[in-house]
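Here's the letter readout for the chains.
Protein chains: 2
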Amino acid sequence: MSAIGFHPHNHDSCIKTGVSAAAKTCTAQGLQLTEVRRRVLEILLERHRALGAYDILEVLRSEGLGSQPPVAYRALDFLTKHGFAHKIERLNKFIACSDIGGDHTPAFLICTGCNQVAEAHLEAGTGRLSKAAAAAGFTIERAVLEAEGLCETCRGQTAA
Amino acid sequence: MSAIGFHPHNHDSCIKTGVSAAAKTCTAQGLQLTEVRRRVLEILLERHRALGAYDILEVLRSEGLGSQPPVAYRALDFLTKHGFAHKIERLNKFIACSDIGGDHTPAFLICTGCNQVAEAHLEAGTGRLSKAAAAAGFTIERAVLEAEGLCETCRGQTAA
DNA sequence: GCAGATCTGTTATACTATAACAGCTTTGCT
DNA sequence: AGCAAAGCTGTTATAGTATAACAGATCTGC
Ligand SMILES: [Zn+2]
Ligand SMILES: [Zn+2]
Ligand SMILES: [Zn+2]
Ligand SMILES: [Zn+2]
Chain V
371 MSAIGFHPHN HDSCIKTGVS AAAKTCTAQG LQLTEVRRRV LEILLERHRA
421 LGAYDILEVL RSEGLGSQPP VAYRALDFLT KHGFAHKIER LNKFIACSDI
471 GGDHTPAFLI CTGCNQVAEA HLEAGTGRLS KAAAAAGFTI ERAVLEAEGL
521 CETCRGQTAA
Chain F
371 MSAIGFHPHN HDSCIKTGVS AAAKTCTAQG LQLTEVRRRV LEILLERHRA
421 LGAYDILEVL RSEGLGSQPP VAYRALDFLT KHGFAHKIER LNKFIACSDI
471 GGDHTPAFLI CTGCNQVAEA HLEAGTGRLS KAAAAAGFTI ERAVLEAEGL
521 CETCRGQTAA
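Protein chains in written order, with the working numbering: chain V, 371 to 530; chain F, 371 to 530.
There's no promise every hint is true.
All copies of an identical chain are treated as equivalent in the list; a pair is satisfied when it fits inside any one copy or across any two copies.
BS3-like, lysine-lysine: derived pairs with alpha carbons at most 27 angstroms apart [what the hints assert, rightly or not]:
#1 K501 to K394
#2 K463 to K501
#3 K394 to K457
#4 K451 to K386
#5 K463 to K394
Everything labelled a hint here was simulated from the structure, so no lab data went into it.
Kindly produce the complete structure, drawing on both the sequences and the hints.
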């Protein structure tokens, strides 16, 4: 429930934890966490912010892991499909999941000041949107919840 | 609060009501509802579904109202900026606001069966996302709330 | 009527994403 | 091991979405 992401923290552990959690899930579900896929996840975890597909491709290219768009998009499809990463629709960018493993309804707080994106995990089916959908007889299969605004730090700087 | 949009209804009145509400708002706020802008709003109201910018451009072109992308995008920027239309981020498409005039936080129900999009109007600042944001010291300026799934009709057809 | 602001038309280009096909690798089975 | 099916990768080409920049037209307030 708490929205981490706007606070400094030790980052190496983020990366290791994220990759190993993904590896574990893949093993359990018979999925292949291949070289490219693992590396894309690492890149997202390393940068710890939303990246465009072509940003990622540039890194892959520099490492000899693939140089054409489909390589990046396929890896991202895999990662997003299985919940290891998410697409931020508002930005057309991708970000590593901050809680790889659990089945969740992610929501994002996008700071327009520092461009950081924080992921909040909400309980599914308990909000106003769910109620409105239920009232209309609509069955939700996937939700995009993204808020733009200012994080605490950036807001302070604007006010000051 | 109720999500209209998945039910048949008389449409001419939608169009007239929408345009005149927009015209009224523009007069009140000193905005210019020019030929192109009005026509784009009409097109969105007529079709009553989400349209891509290039779909709209095609219509404009056929009517001699502008043939280059910026013409459509500028009109859409105007309409979305002032709440006469909304962009559906998940689809990269645009739709006329179903309640032109009121200041609102729109949420959308996107049916993957029939491609219809219904707009629900939620009260701002009362949901889980707002609470999560407040807890993180984050100030929301704009929210994207989009749910994909099946409307009542399409769900019935799938089940049957 | 004039100055400033705003809107339109146009060219060019940037950015985002996928189709399609050939070849390689892994997996599961015998 | 040998084989077939499924899945992954590399590549070319192309589709789809969006904006920068500048010149000219129109509207607005004075
Ligand atoms: Zn997540
Ligand atoms: Zn910030
Ligand atoms: Zn609306
Ligand atoms: Zn439907």
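Here's how the hints hold up against the structure:
no.: 1; hint: K501 to K394; verdict: neither (35 angstroms within a copy, 32 angstroms between copies)
no.: 2; hint: K463 to K501; verdict: between (29 angstroms within a copy, 25 angstroms between copies)
no.: 3; hint: K394 to K457; verdict: within (22 angstroms within a copy, 38 angstroms between copies)
no.: 4; hint: K451 to K386; verdict: within (21 angstroms within a copy, 43 angstroms between copies)
no.: 5; hint: K463 to K394; verdict: within (25 angstroms within a copy, 38 angstroms between copies)
The earlier numbered hint that this structure contradicts is number 1, and it is the only one.
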